[in-house]
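Asker: Below are the chains, spelled out letter by letter.
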Amino acid sequence: MNVIVSNEGDVFQIRLEGEMTIYNAAQIKEELISAMAQGVNSHQGIEINLGQVSEIDAAGLQLLALVKREAAEKKLALQFVAHSKAVMEMLDLCNLAGVFGDPVVISPV
Amino acid sequence: MNLDEALHTFIAESRELLQNMEDALLNIEQSPDDVELINAIFRAAHTIKGSAGLFGLDSMVAFTHVAESVLDRVRNGELKIDGGLVAVMLSTCDHLVEMIENLASGREPDADIAEKSRAIVSSLNEYLGGAAIMSTSVVAKKELEQSCTREGGGEVETDLWHISLRFGKDVLRNGMDPLSFIRYLSTMGDIHHVVTLLNAIPQTSEMDPESCYLGFEISFMSEADKATIEAVFEFVRDDCMIRILPPRSKIADYVRLITESPEEDMRVGAMLLRCGTLTETELEAALRLQRGDGSEPTRPLGEVLIDAHMVQQPVLEAALDKQKQIKEQKSSDANLIRVDADKLDELINLVGELIIAGAGSSLIARRKNDAEQLEAMATVSRLVEEVRDSALKLRMVQIGATFNRFQRVVRDVSRDLGKDIELLISGAETELDKTVVEKIGDPLTHLVRNSMDHGIESADVRVANGKPAKGTLKLNAYHDSGSIVIEVSDDGGGLNKQRILKKAIERGLVTDGENLSDREIYNLIFEAGFSTAEKISNLSGRGVGMDVVKRNIMALRGTVNLDSVEGQSTTVRIRLPLTLAIIDGFLVGVGDSTYVVPLDMVVECVERAAWDNAGGDGQYLNLRGEVLPYLRLHEHFEVEGEPARRENVVVVRYGEQKVGLVVDRLLGEFQTVIKPLGKVFNRVSGIGGFTILGSGDVALILDVPGLMGQVVTGNERSAQNLDSMRMLN
Numbered sequence: 001m002n003v004i005v006s007n008e009g010d011v012f013q014i015r016l017e018g019e020m021t022i023y024n025a026a027q028i029k030e031e032l033i034s035a036m037a038q039g040v041n042s043h044q045g046i047e048i049n050l051g052q053v054s055e056i057d058a059a060g061l062q063l064l065a066l067v068k069r070e071a072a073e074k075k076l077a078l079q080f081v082a083h084s085k086a087v088m089e090m091l092d093l094c095n096l097a098g099v100f101g102d103p104v105v106i107s108p109v
Numbered sequence: 110m111n112l113d114e115a116l117h118t119f120i121a122e123s124r125e126l127l128q129n130m131e132d133a134l135l136n137i138e139q140s141p142d143d144v145e146l147i148n149a150i151f152r153a154a155h156t157i158k159g160s161a162g163l164f165g166l167d168s169m170v171a172f173t174h175v176a177e178s179v180l181d182r183v184r185n186g187e188l189k190i191d192g193g194l195v196a197v198m199l200s201t202c203d204h205l206v207e208m209i210e211n212l213a214s215g216r217e218p219d220a221d222i223a224e225k226s227r228a229i230v231s232s233l234n235e236y237l238g239g240a241a242i243m244s245t246s247v248v249a250k251k252e253l254e255q256s257c258t259r260e261g262g263g264e265v266e267t268d269l270w271h272i273s274l275r276f277g278k279d280v281l282r283n284g285m286d287p288l289s290f291i292r293y294l295s296t297m298g299d300i301h302h303v304v305t306l307l308n309a310i311p312q313t314s315e316m317d318p319e320s321c322y323l324g325f326e327i328s329f330m331s332e333a334d335k336a337t338i339e340a341v342f343e344f345v346r347d348d349c350m351i352r353i354l355p356p357r358s359k360i361a362d363y364v365r366l367i368t369e370s371p372e373e374d375m376r377v378g379a380m381l382l383r384c385g386t387l388t389e390t391e392l393e394a395a396l397r398l399q400r401g402d403g404s405e406p407t408r409p410l411g412e413v414l415i416d417a418h419m420v421q422q423p424v425l426e427a428a429l430d431k432q433k434q435i436k437e438q439k440s441s442d443a444n445l446i447r448v449d450a451d452k453l454d455e456l457i458n459l460v461g462e463l464i465i466a467g468a469g470s471s472l473i474a475r476r477k478n479d480a481e482q483l484e485a486m487a488t489v490s491r492l493v494e495e496v497r498d499s500a501l502k503l504r505m506v507q508i509g510a511t512f513n514r515f516q517r518v519v520r521d522v523s524r525d526l527g528k529d530i531e532l533l534i535s536g537a538e539t540e541l542d543k544t545v546v547e548k549i550g551d552p553l554t555h556l557v558r559n560s561m562d563h564g565i566e567s568a569d570v571r572v573a574n575g576k577p578a579k580g581t582l583k584l585n586a587y588h589d590s591g592s593i594v595i596e597v598s599d600d601g602g603g604l605n606k607q608r609i610l611k612k613a614i615e616r617g618l619v620t621d622g623e624n625l626s627d628r629e630i631y632n633l634i635f636e637a638g639f640s641t642a643e644k645i646s647n648l649s650g651r652g653v654g655m656d657v658v659k660r661n662i663m664a665l666r667g668t669v670n671l672d673s674v675e676g677q678s679t680t681v682r683i684r685l686p687l688t689l690a691i692i693d694g695f696l697v698g699v700g701d702s703t704y705v706v707p708l709d710m711v712v713e714c715v716e717r718a719a720w721d722n723a724g725g726d727g728q729y730l731n732l733r734g735e736v737l738p739y740l741r742l743h744e745h746f747e748v749e750g751e752p753a754r755r756e757n758v759v760v761v762r763y764g765e766q767k768v769g770l771v772v773d774r775l776l777g778e779f780q781t782v783i784k785p786l787g788k789v790f791n792r793v794s795g796i797g798g799f800t801i802l803g804s805g806d807v808a809l810i811l812d813v814p815g816l817m818g819q820v821v822t823g824n825e826r827s828a829q830n831l832d833s834m835r836m837l838n
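Chain order of the listed sequences is A and B.
Our numbering applies: residue 1 is where the first sequence begins, and numbers increase by one.
Our numbering applies: residue 110 is where the second sequence begins, and numbers increase by one.
Next up, chain A with everything else stripped away, as it sits in the complex (with noise of 0.2 Å):
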């Protein structure tokens, strides 16, 4: 699993790449929690880019909500893009599409 953070533009993009699973969870924590503080630094929106997540479990899918109720708690605009086939998948599991309130892309499939 990679965490790579990019400043493009206005926007603060932290990418995902790889498994999200109980495997890695503790390393995707940590890098995810120094990447959004870097991303607070920075005064942006930020987005997390969910495309190149392969698989996903419960761990992950904590840690994605964890570090929604973060951003909400200090007032950032957080937002998951361009979510996997894998994210789509457990999101509509755990009917959480509605709660992390992002929009995604339906794929005509």
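Hints are all accurate, no fakes.
Here are the simulated DSSO-like cross-link-like pairs (lysine-lysine), alpha carbons at most 27 Å apart as the crow flies:
(1) K29/A / K75/A
(2) K29/A / K278/B
(3) K606/B / K583/B
(4) K543/B / K784/B
(5) K68/A / K278/B
(6) K548/B / K583/B
If we take Cβ atoms under 8 Å as the criterion, some of the chain A residues that face chain B in the derived model are:
(7) I22
(8) A25
(9) I28
(10) K29
(11) D57
(12) L63
(13) A65
(14) L66
(15) M90
(16) L93
(17) N95
(18) L96
No lab work stands behind these hints: they were computed from the structure.
Idealized CB from N, CA, C, for every residue including glycine.
With chain A's structure known, arrange chain B on it following the hints.
Answerer: Structure of chain B alone, referenced to chain A:
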């Protein structure tokens, strides 16, 4: 336990379950009304489906589900077991085995498997009418009725199950993904609504990403019964809070749910509302009930609970009973532990060293002639002997499981051949070493197929010969003087001596005019490239097989021979040593050396002087009227030193043959740890291994069957020499 280990357990369990399922399927043809068997089959399918769901093996779940539905109909007596259904179920079972093996080798299910799944599902579907769905709803309805009659009114209106889950902290660490439970649940019915509870996640700094903080409230539409839904969560039942409310439960139950949830009452209430499990008025009623009807000043929650509990008592008891049954079944399984075979081997090696060390100590004690120490050593030796026996017993398994596998082989092959053949098994409880059992499977399969293909005639030929149309194949096992004997016999046409002889001459295995006994002729078929079948089928007849059988059995230090009565029967007898590691030996001295004869083979010991050369002609001894060939070990092994004046004869028996071994001294019994000889001595026949005596000396272990072969051929050779000398004269 990580996920990989869990998966391995799943694979191992599934293999076992599928084996049970196959056994039960094969037996059920004979007794189609045996409820136990039907339940066993159903349980296997059910458990595999359940476990597969936990690992997210959706294709396997979907496939097994169909089979389970069919079996459920059988269980409810809506469907009769017949040959066709058994055949379909067997192919289902095979396919599951294939899927499991595929999983075990770490491959993704490929198109072939999916194609096969579809084919089997479609044939399974023929056994499923609309009735299948009916039957499950009957179960659900029964459960409904129970709660209705016992609790009276006050039900809620929806016909949805409500499942409330709070996963324990360690669920993820234990290798389970809460999401897969929900995914699996969705295969059993329709998930109407899910509310995922994220609010238990602690503050960022305290949140451990490997702990699970999730909770779910699920409303669920399903025809399944409560036990089935409960079983979904079986693996996490211990450390999670799980509440399952059947459709139309009493409002009091919802109250209980609300009060027991870790969240605030109103929140849970709102969630139930959102799930559509409760209507608003129902919720109000529930909350009012909880507050104590308003009139009484705050009725304690406990009382409400007790009330609800009392009403629930019968249902609760039934549920507890059910759980207890499941637990009991589990505990009997738990009496067995899986042990790595290597560990067992190591133990047996150590026991071997212990025996040698013990023999050494006994020797020292004897030399010192200290009575107390001698007595202590006697106790130690006895215990060591017991340890040895039980260590060896650990490796012993019953041959029954191997035999039972042939039920299937016989069934399939007889169908292929269009013959009606029955398999009779006896001596299934005979035990032998696990390594031997593993290696005997292939040769046995060969023999069984051979018997069915060539041995047993087709039904019309049988009837014409005045035999019952149904052929019989027998597998038998028994212990006989330190070996195990396995017999494969059929009541078929037997072997045609003339044809074998003709073929053998054609192939140059024997020369024309050689006089062979019946048995020698029959055993020719174990020679390489020998087949007397006039037709070659895809099963046998290609002339590879019997020689491979023989080689495999020889590799296990066993022998194989064949008896046949033309037109009536054929019996193949395999004789194998019981263990490969430690034996009771009989020590004999020849010159300055010591040899070990396996004690099981020793029949008796007689003083050589009893004959005084009068009873035999130098080749044979006369043992109470019996002809006994003998061998002087002194000459045979070219031992140095003069032979003793009073020689002894050890009479040994192997199979039906007896031979006398002439030795100098008899030294008595000795526990022998067989150590294999090095590669250099590979070609030495007559010696099976060596052992170390208490004194540290090495003693060679005699390979009695090998020696016997030499006695017989040796005698023949000298007889021939005698003939040629006469001719010269």
